Amino acid sequence: MTDVKDQKAALRKHAKATRAAAFARHGSAAGERLAAHGIGFAHPRPGAAVSAFLAIGEEIDPMPLMRRLWGEGHAVGLPVMVGRARPLAFRQWREGEPLDEVKWGIREPLATAAVIVPDVLLVPLLAFDTRGYRLGYGGGFYDRSIAEIRATKPVTTIGLAYDELEVDAVPHSDYDERLDWVLTPSGPRNCRSD
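In my numbering, the protein residues as written are 40 to 233.
It is worth saying that the hints were derived from the structure and are not from the lab. Given the structure is predicted, the values throughout are model-derived calculations rather than measurements. Do not take every clue at face value.
Claimed, not checked - Here are the in silico distance ranges between beta carbons for each label pair: (1) ASP42 to GLY135: 44 to 54 Å; (2) ALA49 to LYS142: 21 to 31 Å; (3) SER67 to ASP42: 33 to 43 Å.
For each residue, glycine too, the CB sits at the ideal point set by N, CA and C.
Throw the hints in and build the complete structure from the sequences for me.
Structure (structure tokens):
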């Protein structure tokens, strides 16, 4: 376990530098290219509940994609932290509605916003591989959330990332949940073809 943890820490440092370079190279055009692809490749049902996220720092910006999803009639939400080592909750949100700022610059819908259980979960990441393993920030929030949703209903998981964040293999443990897809500016990648 310590070996995997050390490998993840080393990859995290490298991935942050790679992401910073990709952000500098592509800017807002990367988010627009995600939106151009949409999520139709994952065959969401009409009006599916989709949880996205608001970009922090050099993350790829999902806002253009969220605008497309609203236009297609999807209920879109954002993650909400409910406690350390706990799965995330998801609350519905539309652009222009107020947000609370919490830890690490994360902004969340107000507590009065409707709770959703996503049919499609858009996931931030620092690195990914072709098998759908992702490297996050180390808190395990998304792994716990994906596991909790998968235990109750089908959910399609789509990582959003710059193409440059693909690596040969992401170190992983038994609790790491695989993504179904990764959407990059160059297009979607099916991670569940095995």
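So, going through the hints one by one against the coordinates:
1. For ASP42 paired with GLY135, a C-beta distance near 47 Å keeps the hint of 44 to 54 Å intact.
2. Taking 21 to 31 Å as the suggested C-beta distance range, the pair ALA49 and LYS142 conforms, at roughly 25 Å.
3. At roughly 39 Å, the beta carbons of SER67 and ASP42 sit within the given window of 33 to 43 Å.
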